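**Q** Line by line, the protein sequences are chains U and D. Plus 3 on top of the position in the first sequence (first one is 1) and you've got my numbering. Plus 3 on top of the position in the second sequence (first one is 1) and you've got my numbering.
These are calculated hints, taken from the structure and not from any lab test. Hints are supplied without guarantee of correctness; some may be wrong.
[Stated by the list, open to error] DSS-like, lysine-lysine: derived pairs with alpha carbons at most 27 angstroms apart: (1) K250(U) with K47(D); (2) K34(U) with K193(U); (3) K193(U) with K55(D); (4) K279(U) with K250(D).
[As the list claims (entries may be wrong)] Quick list of the computed label-pair ranges, beta carbon to beta carbon: (5) T189(U) with K123(D): 28 to 38 angstroms; (6) D285(D) with K213(U): 29 to 39 angstroms; (7) S263(D) with L265(U): 15 to 25 angstroms; (8) E33(U) with L268(D): 30 to 40 angstroms; (9) S262(U) with G253(D): 11 to 21 angstroms; (10) K281(D) with K283(U): 15 to 25 angstroms; (11) F271(U) with S79(D): 20 to 30 angstroms; (12) M192(U) with P51(D): 36 to 46 angstroms; (13) K330(D) with A80(U): 20 to 30 angstroms; (14) D285(D) with K283(U): 21 to 31 angstroms; (15) Q203(U) with K281(D): 26 to 36 angstroms; (16) N141(U) with K281(D): 23 to 33 angstroms; (17) F271(U) with K283(D): 35 to 45 angstroms; (18) K278(D) with E33(U): 23 to 33 angstroms.
[Said to hold, decoys possible] Residues of chain U clear of chain D, computed beta-carbon distances all greater than 10 angstroms: (19) L136; (20) A140; (21) Q254.
On a predicted model such as this, the values are computed, not experimentally measured, just so you know. Quick reminder that beta carbons are idealized off the backbone N, C-alpha and C, glycines included.
There are 2 protein chains.
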Amino acid sequence: MSYNQTIALDAMGGDFGPDVIVPGAAQALEKIEGTKFIFFGDEKKIAPVLAKHSKLKAVSSIVHTEKKISSSDGISAAIRASKDSSMRLAIEAVKDGRAHSVVSAGNTGALMALSKMILKTLPGIERPAIASLIPNANGSSVVLDLGANLECDAQVLVQFALLGAVYARVVRNIQTPTVGLLNVGTEEMKGHEEVREAAQILSSVKFHGKYHGFVEGNDITKGTVDVVVTDGFSGNIALKTAEGVGKLTGQFLKDAFKSSPLAMLGYFLASGAMKKLKSKLDPAKYNGGMFLGLDGVAVKSHGSSNIDGTENAILVAADLVHNGFNKRVAAEMTEVMAQATITKAESAPAA
Amino acid sequence: MSYNQTIALDAMGGDFGPDVIVPGAAQALEKIEGTKFIFFGDEKKIAPVLAKHSKLKAVSSIVHTEKKISSSDGISAAIRASKDSSMRLAIEAVKDGRAHSVVSAGNTGALMALSKMILKTLPGIERPAIASLIPNANGSSVVLDLGANLECDAQVLVQFALLGAVYARVVRNIQTPTVGLLNVGTEEMKGHEEVREAAQILSSVKFHGKYHGFVEGNDITKGTVDVVVTDGFSGNIALKTAEGVGKLTGQFLKDAFKSSPLAMLGYFLASGAMKKLKSKLDPAKYNGGMFLGLDGVAVKSHGSSNIDGTENAILVAADLVHNGFNKRVAAEMTEVMAQATITKAESAPAA
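So that you can see chain U by itself, here it is in the shape it has in the complex (with noise of 0.2 angstroms):
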């Protein structure tokens, strides 16, 4: 199928620039074939990389900047020094309609704050969510927020809920997603007040798709719904506990197979089905932290992407404008906003 779209590539981003983001974008261009890239970056380490792919050259153009935000700069110094950077040139093309989508690798608190300044949110939204695929039992559920927003009250939460379940129909083909919300226990009475208020709201309000109650930590990777709310705190610390883990583990692992002249063998054996688990588990796979909730698209790719991981940034921004996520979410918002006070210009919430 032809993705008739352009994507706005912040290409200075991330530990390795245009030499990791342009032949990202070749191997994503195989797979989206019709779309268009707009490069936004220095022009001397853009062009050099993208002659060596002349599909990709043939569908780009660069955008030429010298300047670019540091990885290491606090939010507001980011965004004082922003103008004309690579990153912020390549949002304000989605805001003018010049691409459909933005991804970079660059700094996430900056890349949140200029996507939110620039693009402003979805009606009915009152904050993007960082979202992104967590592999479990069953294949992956979309978790959020992992970041973005440290606290959250209930109405907050259950837009997220929202966003989720238009993610996991529209872009998933999931038909009626199971949306939980993540929480120390699974009974009524658990948890704090934001958690049980979010969860009445979603008990009572009709929506495409079915909300399954509180989950616990261990169900993101049980797979028991398909969609697990959080607040940005929470939710970043699950997610960069379960990559501790998985780190851990693959250690532990490596150390047993080291351990003796007979482990080693055995892993020469099994050598084939532990590449493919490798693969199940490849952080690239699953790259691609998706800014719901925004007026545009805007994906972030780990600051550490490779090749493999920055196609998939990409490609999960692709996905999200070929399949009209935003559209969706604006449709589905104002039918469900009819129903329920979940946004708090309508409804303050009994503190």
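Fit chain D to the known structure of chain U by using the hints.
**A** Frame of chain U; chain D shown alone:
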């Protein structure tokens, strides 16, 4: 070394009751000679199992009661119905000085609520925390709170930090334990107000340990610090997410080894190393949620614990008593409180 102490065991808690708790105690006794046990619960069920363990029987007594707290009860219902229950009687034995510690695999919420009500907290500690060891690249670190306090202000987080540091030093023999506050980033300006204020206090207070700074989810398994401090909501989610990822990886690994005859042969050859790996990550080895900060030692064993897990929870309790953990906390809290306002009674945080 001889453990001259008495442990009160809630024999009716958990999925298996005396069938697991009595043999668990028998196994533990091998490592903590000199310990005495009091079993609280249904004598008809305890005595026959105890009869099979003559060495344990010789140092044990039974306090009969037919009442027990159900693990499915809500906390307030459980407390109302707690009189003469095996759990409550076991806690009261600690309060009365008939036992030095209590171990239960029963209802966590009820165990925490009753322990708090009956044992009270140590001077300078406002709220007890659930702490446990989590395996990391260097061995393990102690993480708290794992679910007792969903929302924690800065003072409470600081108290948890001190509890963790004393535990690491006194029980784990780490001369100068490092302490980290779990957050969504390591930069100073990251996180919500409570965690940033706690960081300020910990940076300025002198204690028998070293404040490292903020740590992230992946630092838990990296072993960046000896003590990881967080609120009970994030801590519970981190712990259960970690358990979930461990389980999923194990399942994927099993599937990989079963995926081809060659892989199966590989597994067969590497099975010794795999068994060692499995034992390294065996949940039984990490069983025993310590309720730190109480004026008395209480340890929660996992409801589904097997005999090894029960043994471990008992050893955890025995070590806290044996190393004089509570006395040390009381002494150090006095020292630290002389320097700074780390309890709410002394200062209202600038909200």
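**Q** Confirm or reject each hint.
**A** We went through each hint and held it up to the structure:
For the hint pairing K250(U) with K47(D), the CA-to-CA distance comes to about 48 angstroms; that exceeds 27 angstroms, so the pair is violated. A threshold of 27 angstroms between alpha carbons decides the hint, and for K34(U) with K193(U) the separation of about 45 angstroms lies outside it, so the pair is violated. Among the hinted pairs, K193(U) with K55(D) is inconsistent with the structure: their alpha-carbon atoms are about 41 angstroms apart, more than 27 angstroms. A threshold of 27 angstroms between alpha carbons decides the hint, and for K279(U) with K250(D) the separation of about 18 angstroms falls inside it, so the pair holds.
Separated by about 30 angstroms at the C-beta atoms, T189(U) and K123(D) satisfy the suggested range of 28 to 38 angstroms. At about 37 angstroms, the CB distance of D285(D) to K213(U) agrees with the hint of 29 to 39 angstroms. For the pair S263(D) and L265(U), the supplied restraint of 15 to 25 angstroms holds, since their beta-carbon distance comes to about 19 angstroms. Distance hint check for E33(U) and L268(D): the Cβ-Cβ separation is about 37 angstroms, which falls inside the suggested range of 30 to 40 angstroms.
Judged by the Cβ atoms, the range 11 to 21 angstroms given for S262(U) and G253(D) holds: they are separated by roughly 18 angstroms. About 20 angstroms separates the C-beta atoms of K281(D) and K283(U), a value consistent with the hinted range of 15 to 25 angstroms. The given range of 20 to 30 angstroms is broken by F271(U) and S79(D), whose C-beta atoms sit roughly 59 angstroms from each other. The hinted range of 36 to 46 angstroms is satisfied by M192(U) and P51(D), whose Cβ atoms lie roughly 38 angstroms apart.
At about 49 angstroms, the beta-carbon gap between K330(D) and A80(U) misses the expected band of 20 to 30 angstroms. A C-beta distance of roughly 24 angstroms is found between D285(D) and K283(U), which places it inside the suggested range of 21 to 31 angstroms. The hint said 26 to 36 angstroms for the Cβ distance between Q203(U) and K281(D), and at roughly 43 angstroms that hint is violated. The hinted window of 23 to 33 angstroms between N141(U) and K281(D) holds, with their beta carbons roughly 24 angstroms apart.
Range check, F271(U) to K283(D): about 22 angstroms between beta-carbon atoms, so the 35 to 45 angstroms window is missed. Take K278(D) and E33(U): their Cβ atoms lie about 44 angstroms apart, and the range 23 to 33 angstroms is violated. Annotated as non-interface, L136(U) keeps its C-beta farther than 10 angstroms from every C-beta of chain D; the closest such distance is 14 angstroms. Not every CB of chain D lies more than 10 angstroms from the CB of A140(U), the least distance being 6 angstroms, so the non-interface label is violated.
Separation of Q254(U) from chain D is inadequate, the least Cβ-Cβ distance of about 7 angstroms not exceeding the 10 angstroms criterion.
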